[in-house]
Amino acid sequence: MSAALVEVGIGLAALALTGYLAHRVSLSVIPAYIVAGIVVGPHEPTALFGISLTLVSETEFVDVLAELGVVLLLFFLGLEFSVDQLLADRRRILAAGTVDLVLNLGVGIAIGLVFGLSVVPTLFVAGVVYISSSAIVTKSLIEQGWIANPESGPILGTLVYEDLFIAVYLAVLAALAAGGGDAATVARDVGVAFAFLGVLAVGAWGGTAVLDRVFAVESDELFLIGVLATTTLVAGAALTLGLSEAVAAFFVGAGFSQTGHVDRIEHQVAAVRDLFAAFFFFSIGLTIDVTVLPSVAGLLGAAVVLSTATKLLSGTVSGRFYDLSPLRSLRTGIGLVPRGEFSLVIAALALTAPAPISDVVPPFAVGYVLVMSVVGTVLIQYSDRVTDTLVPVAPTRD
Amino acid sequence: MTIYETEVPGVGRKFEMEIDGGQRLVVVLHHDGKRDVYLRPDEDADSEQLFTLSGDQARKFGSILEGAYFQPVELDEVAVPLGEAIIEWHEVDDGAELAGVSLETASVREETGASIIAIQRGAETIPNPAPDTRIRAGDTLVTLGTREEQSEFEALIGDE
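Residue numbers (this note's numbering), protein chains in the order written: chain V, 1 to 398; chain S, 1 to 160.
Since the hints were derived computationally from the structure, they do not count as laboratory data.
Some hints here could point you the wrong way.
Said to hold, decoys possible - Using 20 angstroms as the maximum straight-line C-alpha spacing, the simulated EDC-like pairs for lysine to aspartate or glutamate come out as follows:
| hint | chain 1 | residue 1 | chain 2 | residue 2 |
| --- | --- | --- | --- | --- |
| 1 | V | Lys139 | V | Glu60 |
| 2 | S | Lys60 | S | Glu124 |
| 3 | S | Lys34 | V | Asp274 |
| 4 | S | Lys14 | S | Glu48 |
| 5 | S | Lys14 | S | Asp42 |
| 6 | S | Lys34 | V | Asp263 |
| 7 | S | Lys14 | V | Glu266 |
| 8 | S | Lys34 | V | Glu266 |
| 9 | V | Lys139 | S | Glu124 |
| 10 | S | Lys60 | S | Asp132 |
| 11 | S | Lys14 | V | Asp263 |
| 12 | V | Lys139 | S | Glu7 |
| 13 | V | Lys139 | S | Asp46 |
| 14 | S | Lys60 | S | Asp32 |
| 15 | S | Lys34 | S | Glu16 |
| 16 | V | Lys139 | S | Asp32 |
| 17 | S | Lys34 | V | Glu143 |
| 18 | S | Lys14 | V | Asp84 |
| 19 | S | Lys14 | V | Asp89 |
These figures come from a predicted structure and were not determined experimentally.
Starting from the given sequences, assemble the full structure and let the hints guide the process.
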């Protein structure tokens, strides 16, 4: 017991330290937390100046904390998913989101196939490459003041589309990860996954009134525990049935999103989410052996360069759907470059899949997120230089 | 004067208000109560951040802008005339239906027409309370409305 407590303490200290450093240089905490996990974890680096750095092992305890992080990340994604916004602005969101999907999922598929991966690992790689980081993007929008500019429209609209798509995509990937047999098994598993999505969607839709009543409790403590219990139980049940716990959590969140409890959850559960999500990023770092990164270096380099270009392109096209100027259209693309938490959720799912998915996808995803979270944030911070260079040569549409 | 409202996932809500000469005021309301206020000088310009307020500061500032800022009045005076409308004080009894209910859920203005403009809770006064403020038994609600609206409100909270 004492060993476990010390390990968690070391983990938290590493998170606090790296998180503080990231704040100092205005970077996202996500790559910092991964680095914390890599440094104190069981793989390289194992020592510094003769002092052992294998301080925290991959224990089941840390895994459970990390799993709660995934569940709560997806719960909040569902909670903050705005059906009203999607419906009110559906024409433009659909256009912008589809361009984003086709170009970025497309480039991921192309890269995977060119590097000789088979279909299922390619779909994992494509998902990692496709989805922007809601956390990093919205934080950058606020810090840069773009939130009050017209370019926030297509950026937030695209994120809404991506959020919904990733919920469905995770369900499919979970089925593919579990299956791996012949086409008929895969088709059956995907069918089950969609039936599961349907049941959850109906449950989220119909459960609003019940959730509204049941959670109208005076005590903040009981409210917090109740929300966590509901989410964790549903997610756990899904996982037991061989389905995606993340997708289940998304729909529990979506169920709550139509109740009057949203603000209370934002106030009381968000801090718990941040804690467990930090453990999730940390534990991803623990599992990664950086010495295998060179084996995916080609894939990684191609993905970084090409997917930055496709996000810039898809964002620029999306901006035009919102009648934005070339400058603001290009900013839309720049704003969507950071990748983060959801790429890592796909990586965590890949860890549970059979080889070669579990060999290739997690190190690729971690390397990719480490680069893209930093590149994306820096691009946004220095966007004036980027737009000054690119806007004069951007094609104008008249 | 159109107001545009957008949800910002993970942050809160954004409101944009058109003012004179194509200018826009943009307010970002964070979940933690913080408000960022921006001004966009014209359609093509970038927004400039004007100031940031905490929830409490914003409510006080808002009531000044609204022209409704006032100091708490002695409880003996039960009604203050204000044109057609009057201000009244109502105690919330222990068994009252509204006790424990947030202002948003209570939707008093929709129900009765009267607005709760302040809550007196012991020595503390909450001016311009936020929608998520919960009414507690023992609170004194300060309401603004016509005589009819005030009696509707009395009927709602079961005050004679």
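Quiz item: What are the numbers of the hints the structure violates, in ascending order?
Solution: Result: hints 1 and 9 break, sorted rising.
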